[in-house]
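Asker: Chains as they are written, first to last, in the numbering used here: chain F, 7 to 299; chain B, 7 to 299; chain W, 7 to 299; chain E, 7 to 299.
It should be emphasised that the hints constitute simulated quantities derived from the structure, not laboratory data. Since no wrong hints were added, every one of them can be taken at face value.
Because identical chains share one entry, a pair is satisfied inside a single copy or across any pair of copies.
Below, computed lysine to any residue pairings styled on SDA-like, alpha-carbon distance capped at 20 Å:
#, residue 1, residue 2
1, K298, G277
2, K298, P203
3, K51, R16
4, K51, G83
5, K51, G23
6, K51, V7
7, K244, R255
8, K244, A103
9, K51, A27
10, K298, G279
11, K298, V228
12, K244, R127
4 protein chains.
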Amino acid sequence: VNVGFIGLGRMGRAIAGRILADGHSLTVYNRTPGAERELVAAGAKPARSIGDAARGREFVITMLADDVALAEVVGGGLLDSLDEGATHIAMGTHGAAMIAHTAEDHAAAGQRFVAAPVLGRPQAAAEGQLAIVAAGEPSAVAACEPLFAVIGRRIFAAGPNPEASAAVKLANGFVLACAIEAMSEAFSLIRRYGVEPELFREVLTGGLFSAPGYEIYSRLIVDQAYDDPGFTTALALKDMRLALEAAERAAVPLPSVGVVRDRLIGAIAHGDGERDWAVLAREQARAAGLEKD
Amino acid sequence: VNVGFIGLGRMGRAIAGRILADGHSLTVYNRTPGAERELVAAGAKPARSIGDAARGREFVITMLADDVALAEVVGGGLLDSLDEGATHIAMGTHGAAMIAHTAEDHAAAGQRFVAAPVLGRPQAAAEGQLAIVAAGEPSAVAACEPLFAVIGRRIFAAGPNPEASAAVKLANGFVLACAIEAMSEAFSLIRRYGVEPELFREVLTGGLFSAPGYEIYSRLIVDQAYDDPGFTTALALKDMRLALEAAERAAVPLPSVGVVRDRLIGAIAHGDGERDWAVLAREQARAAGLEKD
Amino acid sequence: VNVGFIGLGRMGRAIAGRILADGHSLTVYNRTPGAERELVAAGAKPARSIGDAARGREFVITMLADDVALAEVVGGGLLDSLDEGATHIAMGTHGAAMIAHTAEDHAAAGQRFVAAPVLGRPQAAAEGQLAIVAAGEPSAVAACEPLFAVIGRRIFAAGPNPEASAAVKLANGFVLACAIEAMSEAFSLIRRYGVEPELFREVLTGGLFSAPGYEIYSRLIVDQAYDDPGFTTALALKDMRLALEAAERAAVPLPSVGVVRDRLIGAIAHGDGERDWAVLAREQARAAGLEKD
Amino acid sequence: VNVGFIGLGRMGRAIAGRILADGHSLTVYNRTPGAERELVAAGAKPARSIGDAARGREFVITMLADDVALAEVVGGGLLDSLDEGATHIAMGTHGAAMIAHTAEDHAAAGQRFVAAPVLGRPQAAAEGQLAIVAAGEPSAVAACEPLFAVIGRRIFAAGPNPEASAAVKLANGFVLACAIEAMSEAFSLIRRYGVEPELFREVLTGGLFSAPGYEIYSRLIVDQAYDDPGFTTALALKDMRLALEAAERAAVPLPSVGVVRDRLIGAIAHGDGERDWAVLAREQARAAGLEKD
Numbered sequence: 007v008n009v010g011f012i013g014l015g016r017m018g019r020a021i022a023g024r025i026l027a028d029g030h031s032l033t034v035y036n037r038t039p040g041a042e043r044e045l046v047a048a049g050a051k052p053a054r055s056i057g058d059a060a061r062g063r064e065f066v067i068t069m070l071a072d073d074v075a076l077a078e079v080v081g082g083g084l085l086d087s088l089d090e091g092a093t094h095i096a097m098g099t100h101g102a103a104m105i106a107h108t109a110e111d112h113a114a115a116g117q118r119f120v121a122a123p124v125l126g127r128p129q130a131a132a133e134g135q136l137a138i139v140a141a142g143e144p145s146a147v148a149a150c151e152p153l154f155a156v157i158g159r160r161i162f163a164a165g166p167n168p169e170a171s172a173a174v175k176l177a178n179g180f181v182l183a184c185a186i187e188a189m190s191e192a193f194s195l196i197r198r199y200g201v202e203p204e205l206f207r208e209v210l211t212g213g214l215f216s217a218p219g220y221e222i223y224s225r226l227i228v229d230q231a232y233d234d235p236g237f238t239t240a241l242a243l244k245d246m247r248l249a250l251e252a253a254e255r256a257a258v259p260l261p262s263v264g265v266v267r268d269r270l271i272g273a274i275a276h277g278d279g280e281r282d283w284a285v286l287a288r289e290q291a292r293a294a295g296l297e298k299d
Numbered sequence: 007v008n009v010g011f012i013g014l015g016r017m018g019r020a021i022a023g024r025i026l027a028d029g030h031s032l033t034v035y036n037r038t039p040g041a042e043r044e045l046v047a048a049g050a051k052p053a054r055s056i057g058d059a060a061r062g063r064e065f066v067i068t069m070l071a072d073d074v075a076l077a078e079v080v081g082g083g084l085l086d087s088l089d090e091g092a093t094h095i096a097m098g099t100h101g102a103a104m105i106a107h108t109a110e111d112h113a114a115a116g117q118r119f120v121a122a123p124v125l126g127r128p129q130a131a132a133e134g135q136l137a138i139v140a141a142g143e144p145s146a147v148a149a150c151e152p153l154f155a156v157i158g159r160r161i162f163a164a165g166p167n168p169e170a171s172a173a174v175k176l177a178n179g180f181v182l183a184c185a186i187e188a189m190s191e192a193f194s195l196i197r198r199y200g201v202e203p204e205l206f207r208e209v210l211t212g213g214l215f216s217a218p219g220y221e222i223y224s225r226l227i228v229d230q231a232y233d234d235p236g237f238t239t240a241l242a243l244k245d246m247r248l249a250l251e252a253a254e255r256a257a258v259p260l261p262s263v264g265v266v267r268d269r270l271i272g273a274i275a276h277g278d279g280e281r282d283w284a285v286l287a288r289e290q291a292r293a294a295g296l297e298k299d
Numbered sequence: 007v008n009v010g011f012i013g014l015g016r017m018g019r020a021i022a023g024r025i026l027a028d029g030h031s032l033t034v035y036n037r038t039p040g041a042e043r044e045l046v047a048a049g050a051k052p053a054r055s056i057g058d059a060a061r062g063r064e065f066v067i068t069m070l071a072d073d074v075a076l077a078e079v080v081g082g083g084l085l086d087s088l089d090e091g092a093t094h095i096a097m098g099t100h101g102a103a104m105i106a107h108t109a110e111d112h113a114a115a116g117q118r119f120v121a122a123p124v125l126g127r128p129q130a131a132a133e134g135q136l137a138i139v140a141a142g143e144p145s146a147v148a149a150c151e152p153l154f155a156v157i158g159r160r161i162f163a164a165g166p167n168p169e170a171s172a173a174v175k176l177a178n179g180f181v182l183a184c185a186i187e188a189m190s191e192a193f194s195l196i197r198r199y200g201v202e203p204e205l206f207r208e209v210l211t212g213g214l215f216s217a218p219g220y221e222i223y224s225r226l227i228v229d230q231a232y233d234d235p236g237f238t239t240a241l242a243l244k245d246m247r248l249a250l251e252a253a254e255r256a257a258v259p260l261p262s263v264g265v266v267r268d269r270l271i272g273a274i275a276h277g278d279g280e281r282d283w284a285v286l287a288r289e290q291a292r293a294a295g296l297e298k299d
Numbered sequence: 007v008n009v010g011f012i013g014l015g016r017m018g019r020a021i022a023g024r025i026l027a028d029g030h031s032l033t034v035y036n037r038t039p040g041a042e043r044e045l046v047a048a049g050a051k052p053a054r055s056i057g058d059a060a061r062g063r064e065f066v067i068t069m070l071a072d073d074v075a076l077a078e079v080v081g082g083g084l085l086d087s088l089d090e091g092a093t094h095i096a097m098g099t100h101g102a103a104m105i106a107h108t109a110e111d112h113a114a115a116g117q118r119f120v121a122a123p124v125l126g127r128p129q130a131a132a133e134g135q136l137a138i139v140a141a142g143e144p145s146a147v148a149a150c151e152p153l154f155a156v157i158g159r160r161i162f163a164a165g166p167n168p169e170a171s172a173a174v175k176l177a178n179g180f181v182l183a184c185a186i187e188a189m190s191e192a193f194s195l196i197r198r199y200g201v202e203p204e205l206f207r208e209v210l211t212g213g214l215f216s217a218p219g220y221e222i223y224s225r226l227i228v229d230q231a232y233d234d235p236g237f238t239t240a241l242a243l244k245d246m247r248l249a250l251e252a253a254e255r256a257a258v259p260l261p262s263v264g265v266v267r268d269r270l271i272g273a274i275a276h277g278d279g280e281r282d283w284a285v286l287a288r289e290q291a292r293a294a295g296l297e298k299d
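From just these sequences and the hints, can you work out the full model?
Answerer: In structure tokens form, the structure reads like this:
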């Protein structure tokens, strides 16, 4: 099929690469030029504008960093240029309110909209191993499925309401955040009692918590390996903010997420905003007087 | 070896049974008579008193429900009757302060003390599949290891400070509590957005959280299966209280545990104290107006 | 002096009325027509547009409900029409980010900007009894002082940074919110112990808390008088959101405000969004099983 | 009347002094000798033991530092020696559980028990300006009233359940704690926005919070005057613990108190345990990166 792709960060390039490799016609656009080079060398067509990327495509995929970027793309040409009946697939992590507004805009323009955030890192994307949480009008989601099959190993259909996929993505994210915070508190406690962090790590991951979320982050915490971030404190704070906004919108208190939010802010106040968010463990240790600034 | 065993609840009976089956001489005592019957039929000797269970043994294992029961056993005969050089192994879940006091008492009496709480359920104990977190004077812990090998599949040596094993046990417990709370908040959020709980469960356990802690409790939450408790809300609150006390003693703030504590109290206020503590999800749903009392 | 006034809600009308009564030339504008009627009858000139209200005035005062309304007024004519050297005084409760953006816009246009939120209710405004927290370039603030003297009984100069006055206003607001939440928790506790709420109210207000914040809200709580709101739960949630955003912007964790936020959301989930925010006490009582939905 | 008095700390001496000055027969006892000297010089009789202080008195007042001290006094002679029909008035700050147990013990012994904690500092006690919150069997409370009239300016009768007065005392205490925490958060926020703390103090205490609780503590915070404690962080933590225990006993979640608890623990972790608990503001500033350890 004929696909437009807007937003060529690491994740965007990995996903676009799979679509291209599968033999589809792909037109790519990135606000900052240069990111499209490799894809174009591999056969993608470069677009000169958002409108250019959108016009005449059956599907336009956006993989954008935040709500502001999505608003600028939608308002800056996508809405005006997307054909009637064509589908915008938003694969970035966005807030529920933003997704709701975007859905309304497309509906008013006679276009289709599927919110389909992904779970996994760019490496998983390149290998077609992402999980995709898709929500939108059922026939629109169904029409996307062949494309999704190229991108991910598993597709979760979260129902007709596009916001639902945002809720799932954000909830999955904060469950991880709470796990990291809980580990952070636990490591502070056992350190104060003279226990080796590595031993406690083995207790955790050898029992109830033998899962990647605990394996990966307890390793970073034990090694205090915060300087080569997989995901930064600042980005984590953004995701917690989106989760809290989605929850406020739906009238759901999230007290644990509030705790994580405060610790992330504290980490930023102490200069750890661009470190890996496992640095929550260091922020918690500061609160317990175990680490100096 | 010659072992005394005090405290024959479900977990105590399972552990005592393994020691007996391994060919050791076992003398058993339970405050409420009757619990020893099966073990005695299998060859254990019944003790008429705590002192009787303790006198002349190389090891006395206690598996008691709480700190009060431990204090009553230690003060009610164990301390007076245990031989000099013999070892008291406390395998229940106790507070750090209680463990510290018990350690001091035994040291003053020339007796050895190892705190060795276990991770796992009675069924795992019967199968020798427990994990044991042992702490105490290294030669005392080493002397216990043959016994531990009969009981558990894995032994974690948490160092010379007996309180350290309490800290590890309590920390492992609250990491699970925080996971259940985080899932509870997540399920409330996605329900409000119209997502099927089962779908969200698959997202969680199919990705970062493919571990027993999440598999088991997300299943209970999705099925709202709270009435056949594996572990009750009231007992969970007791463990959170011990964790918070251990943390206060060591000057460690535990904000996430404070959140769990409040939800557990809320669940009890709404009549769910004797239900499975996965009922946290229902208490969270109440707070979000999703469930009526 | 020649004053424009935009935003004629209850508070706006009260402030505008005082300026008019003091003999100044006043031009008024409200998005929804009709609100200006009484002021016009008393001698104010009606403006047909935002630009009309702004052009040729020395001062333009805005008293708007939220950040969106302020953005619409600034972008919808105020910025374009305000004379160079003239001053925009923003007296609504706005977020720190919004105030910062507005300040930049006016500076770029050669206009002056003073953020001057008020403390007090419309009745106090009508009597000239407001407190005003003003921040901005010192000479600009000084130039506003004669006008402020007409409006309020006390002026606090919070320095050259316009955001500073937003921070003061929001902080004062959340200190009150935390007081209401603390009282709510206290009333739940003493009710469970069989104490008459009125007696506890007397203890509080007869001692350390003999101040309007406690007098007023403990009275509402004891009387459960939530249906004639002085300030609604929904508006309170908006102010807590602004406070948390201002805090996030400045990297300050506010754990108590997070607690209030969750209770306000819970109150909204239970249908109390348009009641007086003293209804926090009822939401807290629900969490303690003392009130049914 | 004939009064025994046990516990001659600063508050105890002040209260005992008023009773003596009013012309009653007073017998005094303190565990650590010496504290009774001044009272004896003024006419009080020294007791050699708890039993000696209790035997033959109509009323025995205890003013003890904590639950452990009260348990030791009750079990160490008071219960055995107090005459049938005589009244034990416990004026210290105690936990609800401790008060309940003490009440049961006295009832079983045919003695009367009134829990009557006080609000105010020793200076207020010396001037007869305390508030007294009394609870117990109504005729027993009524019989105490002449004595209370000598000690305090105001008596609050909290009903027949002795625990009720503990609940009132603890609730009043945590409302203050929450106010100090809220101010602490507010001062951190406004400092980050460049506002002078003194200005913010004037805003608070000039408006909704013109009460001693805010006047006193905002002054200490602005002056960072933590080294001459009126009440220490460690004692405040003890009171929060009692409040949380009383709340757990009654199934009441207290999320704000949990926040205060964590900050107090953090302050202790940073070495501020023996400073005035207004040092919460410094601990909060640490969390915001505004203060180094």
